[in-house]
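Student: Each chain is listed here by its residues.
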Amino acid sequence: MIGVVIGREYRERVRSKAFILATVFTVLIFGSILVIPSILADDDEPTLVGYTSEAGHVMDVAQALDEVQAAEGLEDDPDAMPELTIEAVVLTDRADAEQAVASGEVDLAMVDASTALVPREGIFASSGVPGVVRQAARVVALEEVVADTGITNDELTEILGAGLIEVESLEGEAVDESRTIIAYAGMMLTYVALLMYGTWMLLGVTEEKSSRVVEIVVATIRPATLLTGKVIGIGLVALTQLVLIFVFMGGLLYAMGLRTPDDLGGAGGGALGVTIDDISIGSVLMLVLWFVVGFSIYNVLFAAVGSLVSRVEDAQNANIPLSLSVVGSLVLSISTLGNPSGTVAIIGTYIPFSAPFVVPVRYALGSIAGWEILLSLGISLVTFYLLTRLAGRIYEGAILRAGGRVKIREAWRGDR
Amino acid sequence: MLGFLGPNGAGKTTSMRAVFGLVRLDSGGVRWRGAAIGEAERRTFGYLPEQRGLYPKMKIGEQLTYFARLHGLERREAESEAKSWLERLGLGGRFTSKLEELSHGNQQRVQLAVALIHQPDLLVLDEPFSGLDPMGVDEMASVLSEQAAQGTAVVFSSHQLELVEDLCDDVAIIASGRIVLQGEVADLKREAPVRLLEVGGAARPEALDRLAGVHHRSREQGHERFLVDADTDPVALLDALGGAEHFAFTPPSLEDLFREAVGNGGAR
Chain A
1 MIGVVIGREY
11 RERVRSKAFI
21 LATVFTVLIF
31 GSILVIPSIL
41 ADDDEPTLVG
51 YTSEAGHVMD
61 VAQALDEVQA
71 AEGLEDDPDA
81 MPELTIEAVV
91 LTDRADAEQA
101 VASGEVDLAM
111 VDASTALVPR
121 EGIFASSGVP
131 GVVRQAARVV
141 ALEEVVADTG
151 ITNDELTEIL
161 GAGLIEVESL
171 EGEAVDESRT
181 IIAYAGMMLT
191 YVALLMYGTW
201 MLLGVTEEKS
211 SRVVEIVVAT
221 IRPATLLTGK
231 VIGIGLVALT
241 QLVLIFVFMG
251 GLLYAMGLRT
261 PDDLGGAGGG
271 ALGVTIDDIS
281 IGSVLMLVLW
291 FVVGFSIYNV
301 LFAAVGSLVS
311 RVEDAQNANI
321 PLSLSVVGSL
331 VLSISTLGNP
341 SGTVAIIGTY
351 IPFSAPFVVP
361 VRYALGSIAG
371 WEILLSLGIS
381 LVTFYLLTRL
391 AGRIYEGAIL
401 RAGGRVKIRE
411 AWRGDR
Chain B
1001 MLGFLGPNGA
1011 GKTTSMRAVF
1021 GLVRLDSGGV
1031 RWRGAAIGEA
1041 ERRTFGYLPE
1051 QRGLYPKMKI
1061 GEQLTYFARL
1071 HGLERREAES
1081 EAKSWLERLG
1091 LGGRFTSKLE
1101 ELSHGNQQRV
1111 QLAVALIHQP
1121 DLLVLDEPFS
1131 GLDPMGVDEM
1141 ASVLSEQAAQ
1151 GTAVVFSSHQ
1161 LELVEDLCDD
1171 VAIIASGRIV
1181 LQGEVADLKR
1191 EAPVRLLEVG
1201 GAARPEALDR
1211 LAGVHHRSRE
1221 QGHERFLVDA
1231 DTDPVALLDA
1241 LGGAEHFAFT
1251 PPSLEDLFRE
1261 AVGNGGAR
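Chains A and B, in that order, are what the protein sequence lines are. Heads up: the first sequence runs through residues 1 to 416, numbered per the numbering used here. Heads up: the second sequence runs through residues 1001 to 1268, numbered per the numbering used here.
Any given hint could be a false lead.
[To be verified] Simulated restraints on C-beta separations: (1) A/Y184 <-> B/R1088: 53 to 59 Å; (2) B/E1255 <-> A/L236: 51 to 57 Å; (3) B/D1166 <-> A/N317: 46 to 52 Å; (4) A/L386 <-> B/D1187: 31 to 37 Å; (5) B/T1044 <-> A/S16: 31 to 37 Å; (6) B/R1076 <-> A/G342: 42 to 48 Å; (7) A/R405 <-> B/R1225: 35 to 41 Å.
[Said to hold, decoys possible] Calculated lysine-lysine pairs in the DSBU-like style (CA-CA distance at most 30 Å, straight line): (8) B/K1059 <-> B/K1083; (9) B/K1189 <-> A/K17; (10) A/K407 <-> B/K1059.
[Unchecked claim] A few chain A positions that, by computed beta-carbon distances, are all more than 10 Å from chain B: (11) D148; (12) I159; (13) V218.
Simulated from the structure, these hints should not be mistaken for lab results. Keep in mind the model is a prediction, meaning the values are calculated, not measured. Glycine included, each C-beta is placed from N, C-alpha and C at the ideal position.
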């Protein structure tokens, strides 16, 4: 019989406008978080630098520097190279250069070794000229100074082009930005889904009570069967939505990854610094696992609250303590995001109401030990078991009591 | 078919809900075919509660299918039963209408179908006739008769005693939570300690007031009505009246029995 209840909850809700809209909106919001920055930062097109013969040597050096830096892998490092590929366009003289800049044929023209022509000031952020061209001009200036010392131009280019400083840290790698983004996205997803499906559960129970249909249902099956069926049914709806979102996001990241296969520095997910490799299967599984745990714990409670009131209008009020608990857990996990091994994070790990938020965040940030996850999971499961007994009894005691709000104590005693 | 009668507040609804485990009993128990009722038995029961209610936003065809399946029907069987019930109720084209889109009368029909769709062994209906128009009453009566004829045990409560008298073989009357009268309607009437005397156009109607064993007097549609002891000789009554145009000496109606039983029940 429980299968029939699960089936009804699932079918009725997956087909509902609310579900379809919520799924589409979530996908749109998360999708645009990924896509919009990459569109804004879409610098796939090379910077076109025109030059006259007078600046010819500078551009040769610039291109040589560019190659050296590419070989060093410094192009991915925004501190070293904020600009992208340079494409050089040969111009005849200053007049030609002015015309080319004005018409937009080139972004910038080197009239001679020390003069750059731009359409208006402030286009290139700091210097007015791409860094690599600026560096090239320095190299050219140095060439004359070191001409007598026996240092060749190639050596000079090599030295100036290379990133000479190797960084060694005392505490290993800093928290990866992409991991923070994944942790944040997972946290928000958990928050939105828990509140949304919790509300569905709450209103679903209240509606059954206010429409009196629960009387016929419970005349046939036990209240516990109805309650369990509802929790599982709505849970499956939530999981369906999560899977849809993950599949869509995965596809999106994959597609963006394909666009620039060997360099995500500027395009695709790279704009946020997230690639499909970063979103590990582990993080997703951890998120799903803890979503199931959190969903189960919260929704049994939402159902109990829903059974206490007879009217949908009263349900939202009765729900305030539970919603606050969800919001509080979110706040804890935001704090965890900033300090994943701090006291707040550790406390949050062992409170079963906040663990579903905090543990996946700490996992995504790589700052939780296996035993901590297991201990937290154990505490949560024991809590869940106790809550089903507690909330189940309240639900059974309250679901058939019509009129007004049922006091928890009355529901507990079960005087119908 | 059993008519379950009693004044308001006597405990009819509570008793019916007890059959489905919807109330916790302080004492006593509900037995079906000699055994306590469990989930398996309830699956073979059909219930029309006093407070009607289904899922307002669910399509009625799916709603019927759902309740049929809750009562143990397979999906396909449940769907075909749902279809045929909707046809029967004149809602054949509305399988995909939501309940809230139907008129009040049609919602009542769907509610009845929910109680019947799984061919219950026991059908319990709390005030099935309340709120129905005369055609609705006839329809409900014919459905209940048909169910009873198929061998379903039908129990319903009602305040429309004439209807109960027409439909039911058996009645049980309760007051203050206790049965005060039960049995076959025909037996109850025959065994009643009083008879109904109706007189019209009598020469000396006031003569009856002086006779022992004559209890109650009222006027109805030009006829004088009396309740007299069952062992009174009708011929002696007719003699005392000095002849009459209309003289009927009959067993009391169910309504008279009801008043008698409940009145006594209250006095005890």
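Student: Of the numbered hints stated earlier in the document, which are not met by this structure?
Tutor: Numbers 4, 6, 7, 9, 10, 13 - these are the hints that the structure violates, sorted from lowest upward.
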